[in-house]
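Enquirer: Chains as they are written, first to last, in our numbering: chain A, 1 to 632; chain B, 1001 to 1254; chain C, 2001 to 2152.
None of these hints come from the bench; they were simulated from the model. This one's a predicted model, so the numbers in the text were calculated from it and none came from an experiment. There could be a bad hint or two in this list.
Here are the simulated BS3-like cross-link-like pairs (lysine-lysine), alpha carbons at most 25 Å apart as the crow flies [said to hold, decoys possible]:
#1 C:K2076 <-> A:K573
#2 A:K92 <-> C:K2144
#3 C:K2046 <-> B:K1211
#4 B:K1112 <-> A:K532
#5 A:K593 <-> C:K2054
#6 A:K92 <-> A:K51
#7 C:K2046 <-> B:K1238
#8 B:K1161 <-> A:K196
#9 C:K2147 <-> B:K1211
#10 B:K1211 <-> C:K2068
#11 A:K541 <-> B:K1118
#12 B:K1067 <-> A:K532
#13 A:K129 <-> A:K16
#14 C:K2076 <-> B:K1161
#15 A:K541 <-> B:K1073
#16 A:K541 <-> B:K1154
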Amino acid sequence: MVNVGALERLKEEGMKSLFPSTTKIMVGMATCGLAAGAHEVWQLLTKEVAKSKTDAVLKKTGCIGLCQHEPLVDIIKPGYPRVTYDKVTPEKVGALLEGAAKGVFKKGIMARIDEEEFLLNGTHRRYSKGTLPSTLRSVVPYRRLPFYKKQMRIALRNCGSIDPENIAEYVAKGGYFSLAQVLREGKPEKVIDRIKASKLRGRGGAGFPTGVKWEVCCSAQGSERYLICNADEGDPGAYMDRSILEGDPHSIVEGMLVAAYAIGATRGYIYVRMEYPLAIERMNLALAQAGKEGLLGKDILGSGFDFEIEVCQGAGAFVCGEETALIQSIEGNWGEPRPRPPFPAVSGLWGKPTVINNVETYANVPVIVAKGARWFNGIGTSKSKGTKVFSLVGKVNNIGLVEVPMGISLKEIVFEIGGGIPQGRKFKAIQTGGPSGGCIPKDKMDLLVDFDQLTKAGSIMGSGGMIVMDDRTCMVDVAKYFLSFLEDESCGKCVPCRVGIRRMREIVEDITSGKGSEEDLDYLQHMAEAIKDGALCGLGKTAPNPVLTTLRYFREEYEAHINDKKCPAGVCKPLITYSIMQKKCTGCGACLKVCPQGAIEGKKKSPHQISVEKCIKCGACFEVCTFDAIIT
Amino acid sequence: MVKLTIDTRTVQVAEATTILEAAEKLGIYIPTLCHHESLKPYGGCRLCVVEITKNGRTDLTTSCTYKVEGGLKVKTDTERIRKVRQLVLELLLAEAPEAQGIKDLAQKMGIKESERLKAREHDLCILCGRCIRACREVVGVTAIDFAERGYVRKVASPFFKSSPDCIACGTCVYICPTGAITMQEVDEGQSAQVPGGNEIAGPARIIDNWKVGLAMKRCKKCGEIIAPEFQLEYLRKKVNLKEDHFDICPICRE
Amino acid sequence: MNSLTYEQVIDEIIKKNGSASLIVLLQEVQSHYRYLPEEAIVLLGKKLEVPLSKIFTLATFYRSFSLKPRGKNIIKVCLGTACHVKSGTNLFEKAQRDLSLSEEEMTTGDLTFTLEKVRCLGCCSLAPVVRINEDTYGSMTQEKLSKVLKCY
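Kindly generate the complete structure, drawing on both the sequences and the hints.
Expert: What follows is the structure, given as structure tokens:
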């Protein structure tokens, strides 16, 4: 008999923890927060709170998505709106705490929340009581910030609002009740039907209908089945999965439990890349907590259903994000993809039927169970239901994680949510889909983002990485970058990928060195088409996409490198020279100090000069000049 | 039995037959390189790609690995296929310009080297993996395997030193399509240098690439090599056989 | 670490990790020695009755494994796409210059530092990013990098 006593207890505990009767201070402690200096802030806050003898409570939380504004500190003082201070440094802590104690809100608040509604169970909580304090009237509520206005957080529902190391808070927000519901219903086939009806498609990049995959696995021959979570988020520039693993690990555990019950798996693996140590730590902690509360292991919640999950660490291979290579890795082999068919759903880990899904896919599962397939169908486009998390990075003002309903345009993402291009520079392209994707130019920005639309432009949505590029980004260099990346990561099994990508990179490198010819562009096209068709796995097959799209949309840049021996964006070192604009140079000497070659000369307060012979083009001078006087 | 169509001709074959095998039955030529009938299908060289149409969808796949399915429509010679084969051979010709096996195959298929690709020098290995797979699947000692990954992948003995598991059977030498692995037979009374090692007196066999030199037992009757001495000695002691038990090879003993 | 023999360490690792995969065992060996000593993994192969060539393949396929001794401090300069467009390569070359390293030799002679490229650390919002051991530094500049290196 399914017994939810543990869940009810945890829920009560969690609500008290989420809304204590004393002031609560939350610090964003995901990897980006830590990289921005959150640890020092946390340590200082801990010290000061202890010293002040208040009963304020200090909590860690995950990433709210506006990563560039880290370190972020939330103050929740009972009766007052919840406020977020951004770019908090140890120097600002004192004033912050003083304000919190007195209910006075100082400068430096990025946004506020007046009330909150939990997505899963509709629990409604009003933070502020009475009239809004005057000092907060000018502070914008989150939902009105351009960055958040169009967002809808489903997979990221708990990131930044719960302590990821506290299972009770996860339960208080409705967590694990979807699992309980499914176990109570006692019909695995119903779960599969519901996921099929929701039309959820895999969020890892391929977009295969999740429900169909589960169904195929369920009907495959054999009694043993496995479940795998692909947390090997290798696309450079993409960190959606990392944020969920660090900020809401239990959502993955619950998603996997529901999936395991649906297909009849007894053992699950979460394959996390080793470059995410905090994610591995938080996931292991979550698994231990879930086990302790009877949510993992034998006879889960008294239902008779058994399921164990183990974390597997990657060992530094992008190709292990490809499902068959990932399976090889778990089996203790090197990550060499296997030919498909057979597909993993039929013959996967140890030859048994296996479902592999991405982190974000699992994060959606408990929500679909709780709110129903019809609700999910109401979001997104006809063929791409639900939301997608994107990492919006590069040359854009509001860098961070964005979760939006599918069907939003690229223009809205970059210019409204992203706030446009910084430093007054011009938008040039957006690169989507990681190394498997392509670069989309300005005149295609009206394209809607979903699983299918971006293919019209030669790219893909992929796992969600979106890198914005401006006029100082060289598109030929971008093509070279992706080819170098894949050359490094190719497993080496098949000729088109192992040799083809290397040879393509050599040709593009010749072009960036001014040694290319017009015929090279045709040969690159020939190679690209043959590699797309001939390579064994997705890595190889999609490797030519960055080259193909940059050739298609930025051919003039290639031609400038070939015919004029120039790099218009000022990036390709063999074709640029660093020089100082005499009119803008104030002679401050900052560049002279940092030049490792002593290549800069000039008297104080007089315009300086760079000696081309000595210059090694390291860019140190460019970095320190505050007058924009250095050009390439 | 499964019925399928290859190049508009129908053929019926047993289940678990590959498209390559089915095509062979019809006498249709599909070029291969990493494939060998005594080894499990690998799908690495991509020369054997064919176009398959199933449920209205057309894809390219390697015919050596793909098991036949009822109603499958296969094409073995289309524009897409020719482009893949052309690129693969152009790449391999540049990788191993001195490999006669590759040159012959390219010539047979009418493919010339590409002027744009600078030839690599002095390396005959094209990483088809036949040697490794034979060592693992047929001989069963896994004395060699791949090292590194991607373009810099190599076939190697562990740490690039003398392979401790090699029994100098010569299977890798025999199965290599480009002659990249070389072997020296050292006669009785002679001696030779083991690469990276010492001199070894005959009868012995040296596999140069794996830096292995093993004293071999010759049959006293027919003169053929039986096996490495160390192996036979190990067996002889284990099973407690007479000292001269392995002086005669199994064939002569009959 | 220096007092135990290779055999003792390997035996302990095998005992502690039961039926874990070879990759996990190699990760344990590397965690103990900071790299994979040849003797240690030869022993591992013998004790597990796994061909040495297979272990060598694993050790050379995965980038996290090193067959050469590594420095006490591992510097990982992120060269993910977001970091690349923000001059991550210049930062990497700066580290190389400061530590007198090259493509062939990425560990300082005194074994204080090993420099590695990584793609990516998932901190794209703070590009360019450098990680030294467990510390992740965002918005790194060439100047800051020189200063930070002195702390280790």
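Enquirer: If a hint holds in the structure, say so; if it doesn't, say that too.
Expert: Evaluated hints:
no.	hint	in the structure
1	C:K2076 <-> A:K573	23 Å, holds
2	A:K92 <-> C:K2144	22 Å, holds
3	C:K2046 <-> B:K1211	20 Å, holds
4	B:K1112 <-> A:K532	21 Å, holds
5	A:K593 <-> C:K2054	52 Å, violated
6	A:K92 <-> A:K51	17 Å, holds
7	C:K2046 <-> B:K1238	20 Å, holds
8	B:K1161 <-> A:K196	55 Å, violated
9	C:K2147 <-> B:K1211	48 Å, violated
10	B:K1211 <-> C:K2068	22 Å, holds
11	A:K541 <-> B:K1118	24 Å, holds
12	B:K1067 <-> A:K532	22 Å, holds
13	A:K129 <-> A:K16	18 Å, holds
14	C:K2076 <-> B:K1161	31 Å, violated
15	A:K541 <-> B:K1073	23 Å, holds
16	A:K541 <-> B:K1154	23 Å, holds
Violation of the numbered hints given earlier is confined to hints 5, 8, 9 and 14; the remaining hints are satisfied by the structure.
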